[in-house]
Amino acid sequence: MIRYMIRRTLFLIVVLVVVSLFTFLVFVKLPAGDPIARAVGRHPSPELVAQVRENFGLDRPLWVQYWKFASGMIPWPGLFLNEKVYFSYRNQTSVKEQILGRLPVTIALTIGASLLWLAIGIPIGIISAIRRGSLLDRAAMIFALIGVSAPIFWLGLVLLYVFHFWLGWLPTAGLPKGQSVVESVLEGYFVLPWFSLAITSAAFYSRMTRGNLIETMGEDYIRTARAKGISERRVIFRHGLRAALTPVVTMFGMDVAFLLGGAVITESVFQLPGLGQYAIVSLYAADFPAVMGVTLVGAFFIVVANFVVDILYAFLDPRVRYT
Amino acid sequence: MMRTAKPEVAAGYSFYYSVIEGFDDFAAGKADTISGMTAVDDYTLEIKLTEPAGDLGYRFAMPATAPIPPNPADPEAPLGVAEGHDDDYGRFLVASGPYMFEGSEKLDFSVPAKQQEPVEGYQPDKLISLVRNPSWVADDQDDLRPAYVDAITVEICPGCDQEVAEEKVANDEIDHIFTNGVSAQTARKFSQDPELQDQYFVEPGSGNYYISMNLAVPPFDDIHVRKAVNYAINKEGWRRLSGGEASGEIAGYYTPPGLLGNLLEGYDPYETPNHEGADSPEGLQLAKDEMAQSKYDTNQDGICDAPECKGVLSIGVVGRVAEAQHQLIAQNLAAIGIELDVKNFDNSTAYGKIFDPKNHIPFSVFAGWLQDYPDAYTFYFFPMYGPSILDQYNTNYSMVGADPEQLKKYGYDVTEVPGLDDKIEECAALTGDERVQCWAEAEKILMEDVVPIVPLIWSNVEQIVSSRIVNYTYCLFDNQMAYEQVAIRPEAQ
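Protein chains in written order, with my numbering: chain A, 1 to 323; chain B, 1 to 493.
Each hint should be verified, as a subset may be incorrect.
To be verified - In silico DSS-like cross-links for lysine-lysine, where the CA-CA straight-line distance does not exceed 30 Å:
| id | chain 1 | residue 1 | chain 2 | residue 2 |
| --- | --- | --- | --- | --- |
| 1 | B | 353 | B | 343 |
| 2 | B | 358 | B | 310 |
| 3 | B | 358 | A | 29 |
| 4 | B | 409 | A | 29 |
| 5 | B | 358 | B | 409 |
| 6 | B | 114 | B | 30 |
| 7 | B | 295 | B | 310 |
| 8 | A | 96 | B | 6 |
| 9 | A | 84 | B | 114 |
| 10 | B | 310 | B | 353 |
| 11 | B | 343 | B | 295 |
| 12 | B | 30 | A | 84 |
| 13 | B | 114 | A | 96 |
| 14 | B | 358 | B | 343 |
| 15 | A | 29 | A | 84 |
| 16 | B | 106 | A | 177 |
| 17 | B | 310 | A | 29 |
| 18 | A | 96 | B | 106 |
| 19 | B | 343 | B | 310 |
| 20 | B | 408 | B | 310 |
| 21 | A | 177 | A | 96 |
| 22 | B | 295 | B | 408 |
| 23 | A | 177 | A | 228 |
| 24 | B | 114 | A | 177 |
| 25 | A | 68 | B | 114 |
| 26 | A | 29 | A | 96 |
| 27 | B | 48 | B | 30 |
| 28 | B | 189 | A | 84 |
| 29 | B | 343 | B | 409 |
| 30 | A | 29 | B | 343 |
| 31 | A | 68 | B | 310 |
| 32 | B | 6 | B | 48 |
| 33 | B | 444 | B | 295 |
| 34 | B | 106 | A | 84 |
| 35 | B | 409 | B | 295 |
| 36 | A | 29 | B | 353 |
| 37 | B | 295 | B | 358 |
| 38 | A | 177 | B | 189 |
| 39 | B | 106 | B | 30 |
Please keep in mind that the hints were generated in silico from the structure rather than gathered at the bench.
Source: prediction; values computed, not measured.
The following block holds chain B by itself, in its conformation from the complex (with noise of 0.2 Å):
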């Protein structure tokens, strides 16, 4: 935790452990230990905090946690064997679970970390090699990692052909894809193809995509406005260009069912038949009811008449399906009188627009989240929590919950936007069933009383695995094969 908390270091993640007491000071250097982390006896460690925090639990399942075993060399050194390493400890790093990379045992950590060599089983950009760590012992009564399989040979390929990649785990030359999904092709192949059926998986990705409606920024500083562009679009044509349902299920909310404890199942409150928006008759007509309500459609026929309705900036991302869903996207709105003015970039360009909150960008349609750690805290706390809105690299697109200074201070002219702030404060507090009966509540106030998005599919991941595959598990937490979990079939060894 020191280390995570060493700015020098620069952890991306560090703000999860800022609830701990005397971490901030720590890290500050006003401080020079974390004064809310005591090691009661070998086993136990006792963590104050500032504030409650029901996920601890899975904070404390992230990397930037695991532990770091003291230097036998150098027994004071504050870091124990990742001193010296701010920028690298990866390649030095000594295991506490049931695998380790091949050749740990010859670090040497009684020579200066400059002059250490790091292990050969970890080739940054080319190879992980994951051995068995012999300095493990398996608890009888935890089942939790069977760990099954001797060594886990990761060949690391950024920017390779993921295609040949597929075609060598249909011929059992490697056993799984560490990616996001699989080619269009390779999955109609292993969905289709009797023989190869039972090594493909979907499995819920815990991500979704959605459109960000800026709530500071006419039109959509209006509810009603807000709510008609969910009538409005059509999810089901915009999944139809991602790949059809493989690519995800269609969102009737925002956080993915799983975080919510399926508790939503059903809840969509701006349903329309098939889900084709305005493309439908009975969709269209469900926008124009809501738009009419909108101080910018003056004649309230459901069309938007306000000068604040035309050339509304959209930004998107470059890249053919990314531009169609772009267009579809402004077909139906024109339905309803929003007039976008349609501008792709590519990725870079299109985040570093939409992160300043000073650049007030309208409406956007390529945003997306993903979890950090299984639980609906991850989603709220970085797009939808006011206090969380940042000067540079702001997630919260569409401004929710910020307060009147903030919008000031961004140069907005709209005072004031809603927000749920109070009922994030109260869910992260909880735990349990109390935690995620809360978290589907606060869904409900954001679909209906907030509106800043529209939300468009949860993401699947679609897995696929060799033949030697026996025991295939998914593993919730990284949205990956559960390597720990599978076994290779006895006579493919």
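So that you can see chain A by itself, here it is in the shape it has in the complex (with noise of 0.2 Å):
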């Protein structure tokens, strides 16, 4: 298990080296922008330009301007997001000043989320699934289809028209000035959003939930369980559940790990100050220290929760073992 973790923090950190060096390549050395021509106004001078340029270290060799963003990424004090590199042109703020600063939003925003959708999600997926071709049944494939086929930002619009312009029952968008990020919580100005992210995520889950449960309970171990004479609920939730959530899980850490690195479009209908929101502006602002400081982070959280799915198998599947 010990050598299998370090093989794989070994690959964490080879996937993270070529995400950065790809999101150099894509959004500093290839920009569909020019940062230059942002930072330095109208009528500039040949000076300003080169100072500018010096400014942003443009001027110095590609592999020498790649280390300094790839050093920001080791976790070592004053290598980390420094702010000699990792600083927004556009703000003139440190970018890891934003994202720490944005991170709370985001993290509340996907814990909620996902904890409704799996709330939604999964029992919605074993009622259908073991009472397949009821009701029930149909009634949940259809919400399913429904949240399946709701575009977020539509569905947000439509909840927050309702919810808040007219019935005026839930918060508005936006975070009370002053407030921290677990005031806004309590508040209910996550609700929204959470269930905007949710009701989508949850249709998934459902239909992923009963595909994978019906499939299980066809096994021959489940044949042979209810064979010994275990009780039909512990047939379900001991030995059906718990392989058919496998895949779930993957999901789920994929899912999870993809929200951390920003909603975009929910955080920009219920005008969240997130990470996603900070991506999109520092993307079309060509503000490339931004968009490499966020874009590295996302990936992190993508390969941890990669790995941390990877282990967590161990112990949902009892087939799973690591050398």
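Join the two chains, each given in its own frame, into one complex according to the hints.
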């Protein structure tokens, strides 16, 4: 197990290096926008252009430029997202400060939404599987179809208009000034964003759980368990669901990691100052230190989530053993 | 000013202050101070210029010249409290007006710059929170800034859904949106709903949109071609695609009328019926008559028949509206024999192409200009003044006033193009009514003798406010609601 973890950790580092290299090449060396043009304003003198180029480090050799960015990913004091490189020229702040300041919003959004979609999606999937063909199953699958089909930006706007602007039951978009994320959560500012994200994902999870559970319940070992006289509830939850949920866990890990990198549309509709919003604005402004920072943090979450999911496999599925 | 001149700060607008004696020497490190600026006493600043600048007052109204107080802990620090904040003074800013960032009183300039804590009232990309500045004393004789409201909170939400913010204004949850314009749906709602009509304003935007023709690239090196293009464009159609009348006033000339004291009211040298250009029979005939005088129309039938008129590269930007407008322009020009090679790019790429004078871009359809301050100089100095042509990030897309040396340097075959540099220099030196009159004269020279552009519209800015706002006032300097003039209705407080 330890050897496996060491191997996966090394693999994680390689993935991050590759991601950082691609991000650097795509967003810094082949940018659609010209970061210098954004920074120098109208009518820049050649001296000003040269100064800004120097400030951004664009006058240095390619490998030096890359190393400056790559070293910012080393989790060591003074190196990790260091301000000399990871400094947003668009709003004159350190990228680390922006990311750390926005992370709680994105984490709150992710945790709430993911718990909600698990709480909605998995029970619906289980009920549909064990009551296959029933009215309940059909109703659940219609919900799943609607959820899968509804674009998040549309769903978000509909929820906001109905539950805030019309009924006034839930708070508006945005977070109140001077309030912590926890206070905002307690006051319900995340309820609509959570539901917007959760409804779509819950639909996926219910379909996936249903399909997997139906397949698993037809396996030989389930028949054996029943033949041994184990109660149906125990057969489903102890033997069937455990195997059926393994792919769901994989998907969950990836989805959560993806959201931690920023839920761009949801954050935009609900005016949440999270990582997704930061990423998209930085991208539009060709603010490449910010784009590099937020992309690498997002990539970090995804590879770590992958790693955690792989480890969890062993606990969920007794057939999996690490060597 | 020393901070603005400092190369490390890389201030984007420092060129406006090059007219101050010694400014450039200080910027180049050849002097310790700016020799042309002397504080005669606590209330008098003496400025010596190297050339006349009739708009100096406006230049000193820009944020770059906001006063920075000395550091109480280090009175000798050349940049005062901004010392050590080359990149981020905004978050350590000491206010000099009626409002300040919330938490400014906690700024501690006695510790080194890197250890100072920024104000809590300014969080980039998130929040600006302004509260009353206790150090500011209103002058009873000065009613410029009544500053009625006690606090102004700006939620910054770049990239956020604008329609949600607009609904919040309609719902009185927020009072105003600090942006350029509103969505078409909201504009319709506010302009048609009797209960919301008083909260909807269409203001002159002090900006324009125009088509740029490169004077140094055939066939646009021929003034008759350029005039024919002016007659041919269906400006009304272009505006309709933009969203109709609210998007702006159809432009008969280049500079927004307000900056010319409205002296040129009714002036439109290339007017066609309903501004429909070649899409109206009379407009098409006017365009053909002009084209017939061009050397590129060899049989004088009003249709350009020279190879220079085929496959003319035309740069635009991507987007449903912009692409439709580009197609309309191409269709209009086809009627007089100019076949455009239409290319649309994302904004940055498109600008990257037209910024470089070596690219010889003949025609671009997405140009626009916005004032830095309310004076026509800001419209002429960059896009219409020969000496302003730059190797990189050039905004004189038409190469107006380029001298033979510049044309040779950038690889043009054309050796001479028209310009109005002398007139611009003359106007720049004047003040008051004479100055405005001079700019109006320059405008006629530009539109009749140089003709580097097709003016399309002078843009409007649509504003919506909540029902809580009273004394709505529009600021012509920065084209936004004047926050220091408005108040909150007493019953809504």
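Evaluated hints:
no. : hint            : result
1   : 353(B) x 343(B) : holds, 11 Å
2   : 358(B) x 310(B) : holds, 21 Å
3   : 358(B) x 29(A)  : holds, 22 Å
4   : 409(B) x 29(A)  : holds, 28 Å
5   : 358(B) x 409(B) : holds, 9 Å
6   : 114(B) x 30(B)  : holds, 28 Å
7   : 295(B) x 310(B) : holds, 15 Å
8   : 96(A) x 6(B)    : holds, 27 Å
9   : 84(A) x 114(B)  : holds, 13 Å
10  : 310(B) x 353(B) : holds, 20 Å
11  : 343(B) x 295(B) : holds, 27 Å
12  : 30(B) x 84(A)   : holds, 28 Å
13  : 114(B) x 96(A)  : holds, 16 Å
14  : 358(B) x 343(B) : holds, 18 Å
15  : 29(A) x 84(A)   : holds, 19 Å
16  : 106(B) x 177(A) : holds, 19 Å
17  : 310(B) x 29(A)  : violated, 35 Å
18  : 96(A) x 106(B)  : holds, 23 Å
19  : 343(B) x 310(B) : holds, 14 Å
20  : 408(B) x 310(B) : holds, 25 Å
21  : 177(A) x 96(A)  : holds, 21 Å
22  : 295(B) x 408(B) : holds, 23 Å
23  : 177(A) x 228(A) : violated, 61 Å
24  : 114(B) x 177(A) : holds, 26 Å
25  : 68(A) x 114(B)  : holds, 21 Å
26  : 29(A) x 96(A)   : holds, 22 Å
27  : 48(B) x 30(B)   : holds, 18 Å
28  : 189(B) x 84(A)  : violated, 48 Å
29  : 343(B) x 409(B) : holds, 26 Å
30  : 29(A) x 343(B)  : holds, 24 Å
31  : 68(A) x 310(B)  : violated, 49 Å
32  : 6(B) x 48(B)    : holds, 19 Å
33  : 444(B) x 295(B) : holds, 24 Å
34  : 106(B) x 84(A)  : holds, 26 Å
35  : 409(B) x 295(B) : holds, 26 Å
36  : 29(A) x 353(B)  : holds, 17 Å
37  : 295(B) x 358(B) : holds, 25 Å
38  : 177(A) x 189(B) : holds, 29 Å
39  : 106(B) x 30(B)  : violated, 37 Å
In this structure, the earlier hints numbered 17, 23, 28, 31 and 39 are contradicted, and the remaining ones agree with it.
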